[in-house]
Amino acid sequence: MKITVTEANNYSILDLEGRIDVTGSPQLENEVTRRIDAGKNRLVFDCSGVDYISSSGLRVFLFTQKVLTRSSGKLHVCCMKSEIRDIFEMTGLLGLFSVFETREEALNS
Amino acid sequence: MKSTFKIENKIEVLADFAEAFQREVEPWNLPPALQMNLDLVLEEVLSNIIHYGFSDQQLHWIEIHAVYENGTVMLRISDDGVPFDPTEKAAPDLTQSIEDRPVGGLGIFLVRKLMDQVTYLRENDHNILILEKTISS
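Protein chains in written order, with my numbering: chain B, -18 to 90; chain D, 18 to 154.
Any given hint could be a false lead.
Stated by the list, open to error - Straight-line C-alpha distance at most 27 angstroms; calculated BS3-like pairs for lysine-lysine:
#	chain 1	residue 1	chain 2	residue 2
1	D	K130	D	K150
2	B	K62	D	K130
3	D	K150	B	K62
4	D	K150	D	K19
5	B	K47	D	K106
6	B	K(-17)	D	K27
Calculated directly from the structure, the hints in this document are not laboratory data.
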């Protein structure tokens, strides 16, 4: 998977691209941990380029949300394709995240 | 239509396997959503076997048979790891709050949710998991 990070509106936006699978998830976890360790606790996961997520990816989303909730940070998830949204819904995770249709909404909330 | 694969018990082979599987089943013309779901359940089952199935550091082979007949896809995965019956695993509590929700345990749940039938057998010191999904017309 490919991760591109942009800073805007006091958020770190992580553009996620490709497969968040058992090989890609550690990369995402490392990137998130590096950001949080550097004091960035307002993150946006832009999922417009994500076409696959497995439980290892869901685990990183959950881990990020837990850490940021504890540190009064924010995780906004945006632009999920319907098949990715279905996986979140099926696993009862959708309600645990702040999910937005567009990147603009995610940045202005 | 049938295909058979044999992979080593190493996480790093899973990406190549996923690509090979997609290539192999492409002529089956499965609905795209089902193709993605098969990809997903295979990753969940195989990564589970590789992570937890073997107590030694030896090389083990995992066999995957895929069959598509009369509108039903059947995947049969066998390994010589420690006995593990995923059908016995309790489903996670999906109503828990973010603080209480464990980060793991979703893989097997997804497999059971995405497939119509999940059967486990222990035969000749092998775990055999049979996953079936019928395409709804």
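*Which numbered hints fail*: When the structure is compared with the hints, none of them turns out to be violated.
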